[in-house]
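Take the sequences, apply the hints, and build the full model.
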Amino acid sequence: MMHQRKVPMRKDIVTGEMLPKKDLIRVVKNKEDEITIDPTGKQNGRGAYVGINVETAKKAQKEHSLDKAFGMKVSDEFYTELVEFVDHQQARRELFGDNAK
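The sequence shown: position 23 = 23 (UniProt numbering), numbered continuously.
Because the hints were derived from the structure by calculation, they are not lab data.
Careful, some of the hints might be misleading.
[To be verified] Restraint ranges, calculated between C-beta atoms of paired labels, are given here: (1) 55 with 95: 36 to 42 Å; (2) 93 with 59: 16 to 22 Å; (3) 41 with 94: 18 to 24 Å; (4) 59 with 31: 27 to 33 Å; (5) 95 with 30: 30 to 36 Å; (6) 55 with 33: 36 to 42 Å.
[Said to hold, decoys possible] Lysine to aspartate or glutamate pairs mimicking EDC-like chemistry, simulated, CA-CA at most 20 Å apart: (7) 58 with 77; (8) 21 with 55; (9) 73 with 33; (10) 11 with 32; (11) 68 with 17; (12) 73 with 17; (13) 58 with 32; (14) 68 with 32; (15) 68 with 81; (16) 29 with 94; (17) 59 with 76; (18) 11 with 77; (19) 29 with 81.
We treat Cβ as the ideally placed atom computed from N, Cα and C, and that holds for glycine.
What follows is the structure, encoded as structure tokens:
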């Protein structure tokens, strides 16, 4: 019998809903206060999660959700990068299905 692994859930900081970690993008703030997208989900630092959904990413941009999550100003360039990254991830999923890494 296959043991059912527990799906790690994380909260989308934009929508406030709990989603499986694999359906979210982790954004991390390190000790130097640098904010980066963390595709591996394993970088050190404070993480915040945004759903792999372009509308969600655009809403994060509009509402400066990451500024609130990290308590600091996040550059507009970073939000643009995030929207593009999410867009790309979403397109891959639509192309290759849910399991595309």
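Results for each hint:
{"no.": "1", "hint": "55 with 95: 36 to 42 Å", "in the structure": "violated (19 Å)"}
{"no.": "2", "hint": "93 with 59: 16 to 22 Å", "in the structure": "holds (19 Å)"}
{"no.": "3", "hint": "41 with 94: 18 to 24 Å", "in the structure": "holds (21 Å)"}
{"no.": "4", "hint": "59 with 31: 27 to 33 Å", "in the structure": "holds (28 Å)"}
{"no.": "5", "hint": "95 with 30: 30 to 36 Å", "in the structure": "holds (32 Å)"}
{"no.": "6", "hint": "55 with 33: 36 to 42 Å", "in the structure": "violated (28 Å)"}
{"no.": "7", "hint": "58 with 77", "in the structure": "holds (13 Å)"}
{"no.": "8", "hint": "21 with 55", "in the structure": "holds (18 Å)"}
{"no.": "9", "hint": "73 with 33", "in the structure": "holds (10 Å)"}
{"no.": "10", "hint": "11 with 32", "in the structure": "violated (24 Å)"}
{"no.": "11", "hint": "68 with 17", "in the structure": "holds (16 Å)"}
{"no.": "12", "hint": "73 with 17", "in the structure": "violated (24 Å)"}
{"no.": "13", "hint": "58 with 32", "in the structure": "violated (26 Å)"}
{"no.": "14", "hint": "68 with 32", "in the structure": "holds (18 Å)"}
{"no.": "15", "hint": "68 with 81", "in the structure": "holds (18 Å)"}
{"no.": "16", "hint": "29 with 94", "in the structure": "violated (29 Å)"}
{"no.": "17", "hint": "59 with 76", "in the structure": "holds (13 Å)"}
{"no.": "18", "hint": "11 with 77", "in the structure": "violated (24 Å)"}
{"no.": "19", "hint": "29 with 81", "in the structure": "holds (15 Å)"}
Comparing the model with each earlier hint shows violations of hints 1, 6, 10, 12, 13, 16 and 18; every other hint is respected.
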